[in-house]
Amino acid sequence: MVLLREEILKDVISEVFETMFFMDVAFEECQGAGRAFEYESETRLENNEGCLVVAMRIGEKFARMISANFMGIDEARTKDVDEDELVDCLRELSNMVAGGCHAHAGDSDWKLGIPRAWTTASGHGDATGEVFHLCFTFSGEPAGSAALRYLPG
Amino acid sequence: MAYNVLIVDDSGSMRKVMLKTLRLSGFQLGECFEASNGRLALDVLEKEWIDLIISDVHMPEMDGIEFLKSLKKMPMCSNIPVVFVTTEANEDRLKQLLDLGAGGYIRKPFRPEEIGTLLSRIMGGPNGFVARRNSEGCDF
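Chains Y and S are the protein sequences, given in the same order.
FYI, the numbering for the first sequence is 542 to 694, going by the numbering used here.
FYI, the numbering for the second sequence is 4 to 143, going by the numbering used here.
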């Protein structure tokens, strides 16, 4: 299985945020294991050798902003984004990032899985097989992180 | 002339995005119907006049490929243009969509103008659309 480089993941994340969420994020050095963010979503790319997990961890404030932008809700009304919509948007986020990784890697036998999302408080998150993670900010504030995990088949 | 559109996607937020995108693209939107998978989309087609279908590929219950296959077996609906909007990057699977009769596809992330350009081509331009199905609607 082809493993993706950090630079590719950065490019894909930037493109997804810019094109679909109308936001520019900046990448920064992660502090330790990365900050705790309230939401996590992941989409798997699988083939018969194993599984590449693209995980996005997003802070609540930023999650509300991107959800509002995504659905065309006025930025002043981000509180109107309900929990189901927010989780749905985060699923779409990891889905598009994973799809972008697939396109860049050019490994045609990968199969894109169904995206999932949850609150990190629920304890679903997992760092098994983590290859690397990236942290990003929006307007100078920590917004989230992205992790790539590899699980051999 | 305004066109009735059926948006098929298991993500409610993505359906909202598509609707917003259609409006931004300048597409002449009539009524918009929604379904969260291919099976429910077939139910909508049974009841409503649809000029264009915009569908996801990966969906539970009935995915986009199975939906397209079912649609193409229905003589009265088989010519309704279907555009897929997907994160799928596998060239073989994308080609399969076209081979099955999809009008086109757009990969996510996308810009509104990409949707507008593709729909303009598929629908024959803003004023060039020719109704592609029987006036009696779909026969199940």
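Watch out, some of these pointers could steer you wrong.
Here are some chain S residues the structure puts well away from chain Y; computed CB gaps all over 12 Å [claimed, not checked]:
(1) M17
(2) R42
(3) K50
(4) N93
Which stretches of chain S does chain Y cover? Using the computed rule of at least three CB atoms under 8 Å from a CB of chain Y, they are [said to hold, decoys possible]:
(5) 7–16
(6) 109–117
No lab work stands behind these hints, which were simulated from the structure alone.
Bear in mind the structure is a predicted one, so any value in this text is a computation, not a measurement.
All C-beta atoms in this analysis are idealised placements derived from N, C-alpha and C, irrespective of residue type, glycine included.
These are the hints, each one checked on the structure:
no.: 1; hint: M17; verdict: violated (6 Å)
no.: 2; hint: R42; verdict: holds (16 Å)
no.: 3; hint: K50; verdict: holds (26 Å)
no.: 4; hint: N93; verdict: violated (5 Å)
no.: 5; hint: 7–16; verdict: holds (count 3)
no.: 6; hint: 109–117; verdict: holds (count 5)
Hints 1, 4 from the earlier list are contradicted by this structure; the remaining hints agree with it.
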